[in-house]
Amino acid sequence: MADEYYFEEGCFITELHNSADDPAVSVARARVPVGVTTRWHVLAGIVERYLIESGEGEVWVGEAPARRVVAGDTVVIAPGQRQRIRNPGAVDLLFLAVCTPRFVPSAYTDVEPEHDRRPIVSTP
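Take the sequence shown: its letter number 71 is residue 76 in the working numbering, and every next letter is one higher.
Since the hints were derived computationally from the structure, they do not count as laboratory data. Check before you lean on any hint, since a few could be wrong.
Okay, the calculated beta carbon distance ranges per label pair [stated by the list, open to error]:
1. Arg87 / Pro38: 15 to 23 Å
2. Pro70 / Pro28: 31 to 39 Å
3. Glu58 / Tyr10: 29 to 37 Å
4. His22 / Val81: 17 to 25 Å
5. Asp26 / Val52: 16 to 24 Å
6. Asp26 / Ala71: 34 to 42 Å
7. Arg73 / Ser24: 32 to 40 Å
8. Pro38 / Ala7: 14 to 22 Å
9. Arg72 / Asp8: 27 to 35 Å
10. Ala29 / Ala7: 16 to 24 Å
11. Glu119 / Gly77: 34 to 42 Å
12. Ala29 / Gly67: 18 to 26 Å
Please read all numbers here as calculations on a predicted model, not as lab measurements. For glycine and all other residues, C-beta sits at the position ideal for the given N, C-alpha and C.
Take these sequences, add in the hints, and give me the full structure.
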């Protein structure tokens, strides 16, 4: 299995499947530590699905109000929709991020408003 790494949006990622040999899909496990809210961001040309595995969260998609999510919930995010997720719980929030077509870093754009930008930490 691939190593977990810190991603600029504010969470930790383990790539489970992401290959140029299979450009139709990628699957990653995301880990959002307790108290963390990821940065507002968009993915150009990619549909992303959050499949919540454990923990609890609040997710924002587009202009909709926050939605509570728990294990077993799925969130579908259309290409170009802004998104972020927060972990208000007592344990890490874990979810699978399934992207079609596959995630590529060039599709990611940080859209966090300048006044809301938080320092990015590189250690758990």
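Does the hinted range 16 to 24 Å hold for alanine 29 and alanine 7 at CB?
Roughly 19 Å apart at Cβ, these two residues keep to the hinted range, so it holds.
Taking the Cβ atom of alanine 29 and the Cβ atom of glycine 67, is their distance within the range 18 to 26 Å?
Once the Cβ atoms are compared, 25 Å apart, the range 18 to 26 Å for glycine 67 and alanine 29 holds.
Distance restraint hint 15 to 23 Å, applied to the beta-carbon atoms of arginine 87 and proline 38
22 Å, holds
With 34 to 42 Å as the target window, see if glutamate 119 and glycine 77 comply at their CB atoms.
36 Å, holds
Is 31 to 39 Å right for how far apart the beta carbons of proline 70 and proline 28 are?
Cβ of proline 70 to Cβ of proline 28: about 34 Å, so the range 31 to 39 Å holds.
For aspartate 26 and alanine 71, compare the CB-CB distance with the range 34 to 42 Å and indicate the outcome.
Taking Cβ atoms as reference, aspartate 26 and alanine 71 lie about 37 Å apart, which means the hint holds.
Glutamate 58 and tyrosine 10, beta-carbon distance inside 29 to 37 Å?
18 Å, violated
Quick check: does the Cβ-Cβ distance between arginine 73 and serine 24 fall within 32 to 40 Å?
Since arginine 73 and serine 24 have Cβ atoms about 34 Å apart, the given range 32 to 40 Å holds.
Range hint 14 to 22 Å: satisfied by the CB atoms of proline 38 and alanine 7?
Distance hint for proline 38, alanine 7 holds at roughly 19 Å.
Given the hint of 16 to 24 Å, check if aspartate 26 and valine 52 actually sit that far apart at their C-beta atoms.
The hinted range 16 to 24 Å holds for aspartate 26 and valine 52, with Cβ atoms some 20 Å apart.
With respect to the beta-carbon atoms only, verify the hint that histidine 22 and valine 81 lie 17 to 25 Å apart.
At roughly 19 Å between Cβ atoms, valine 81 and histidine 22 fall inside 17 to 25 Å, so the hint holds.
Is 27 to 35 Å a correct range for the gap between the Cβ atoms of arginine 72 and aspartate 8?
31 Å, holds
Consistency with the previously given hints fails for number 3 only.
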